[in-house]
Every structure is written in structure tokens, then in C-alpha cells.
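Just so you know, the sequences run in chain order A and B.
Per my numbering, the first sequence starts with residue 936, numbered consecutively.
Per my numbering, the second sequence starts with residue -12, numbered consecutively.
Calculated directly from the structure, the hints in this document are not laboratory data.
Among the hints, a few may not be true.
So, partial list: chain A residues that the calculated Cβ filter (under 10 Å) puts toward chain B [claimed, not checked]:
1. S988
2. G989
3. F996
4. P1016
5. A1025
6. P1029
Glycine residues also receive a C-beta, built at the ideal position from the N, C-alpha and C atoms.
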Amino acid sequence: QKEVEQDPGPLSVPEGAIVSLNCTYSNSAFQYFMWYRQYSRKGPELLMYTYSSGNKEDGRFTAQVDKSSKYISLFIRDSQPSDSATYLCAMTPPGANSKLTFGKGITLSVRP
Amino acid sequence: DAGVTQSPTHLIKTRGQQVTLRCSPKSGHDTVSWYQQALGQGPQFIFQYYEEEERQRGNFPDRFSGHQFPNYSSELNVNALLLGDSALYLCASSLTEGRSHSGANVLTFGAGSRLTVL
């Protein structure tokens, strides 16, 4: 079993839709949960990260963590064509030196 | 402010050859990590360098080696290339614990070096 599993894609939605992206994990040591966005031929860029359980909102993006279920989600409201990219979840134990463990990524396409 | 820069952008090698990839970290960062991203997969941790020493290593064979220079830049070397080494190699920089204001490892990634092994 992989440490981090991400819902398979690809995912195609119309502009304005609410998008839900999800990951599960098995390592209880993970305390920080991150979402990266990767455009084609680019490196991943950090969207947001949360510590332990709870919600965090940043504009149209909301990250949720449920540690009891080992389940994390990223919601995108009012999706835009510019949101079309690959979304990667990543997790790490505490500590600024800790390595990140990534999910496989899901490719999102937002149709105009 | 330049972010993480990597070179070369693309390269093609044949099996058995050796390759060196280069990375300049974001200004102010002191730690460099390397990740391998195969097509359709998430990045996999190769190793992390700090103060010119390898501090952590992922599950990669000894064919993968690295170096960090006094100016914090880094190189990734892969010997005896295999077809399965074809991937996007990502360099990421960060601040070491104690200098970082975050409890998490907040990485800034470069655009990557795409290696094709024929």
C-alpha cells in the first residue's frame, strides 16, 4: 500500500463548477498537508498547506484535513480555465527538514 | 528575485551514459532537495543537501549522487543510465529548520530538467 493515494483522473468540469480533489494516507506521522499545482512543463508550486486537522481557506481554494479518517481534500470554487493543471497532494511529518511524500497527481481541465 | 533555476531544460542520453544536472536555489535558501517525477506520477524524493552534506536520502540506488557547493547551488549526478531513469528531475530549495518560520518543509521548486534515456 502506498503511503499516499490520490483519486485517479483526469477530471473535466465546466467553468464555474465546484471541484473536489481528494487524497488518503496511511502514515500517522504526517502532520503537514500540502497542495501543489503543476502546469504543463513547469515545476510544482505550493497552493496552500495546513497543519493537523481542520480547514483553511484562501480565496477560491479550501483545504480540509480529517486526520481521524486520514483523508484530505482541496475544494476549488467557481473554477476557471486558468485552474487547468495537475494537482498534487503532499504530506510530511513536522520539521522544516522533513521530506515530502506526494500523491500521484490528478489532471484537472476546466472547460470554458 | 530569481526563484529556483535548473539546467539543462531538456537532454537526451543513451543507456550506460552519465548525466549531471544543475540547480541554483532561491535567493536566501540554504537547503536543496532533488525529486524524480516519472510521467504521470508524483515527485519521488531522491536526497537533500545542507551545508554541502547529504542529510537525507530516499530509496534510490548509489548510481544517484549529488553535491552542494558553498554558494548553496547543487548538482545531481546519475551514472550508468537506465531506460527507467527517464523522468523530470526537480530541484527544490528551502530554509533549514531553525531558520525557517514554518514548522513544515516549504519547498520552492524549479521547472525541472527533463531527461530522456534511449
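Check your understanding: So which of those numbered hints doesn't the model satisfy?
Key -> 1, 2, 3 and 4
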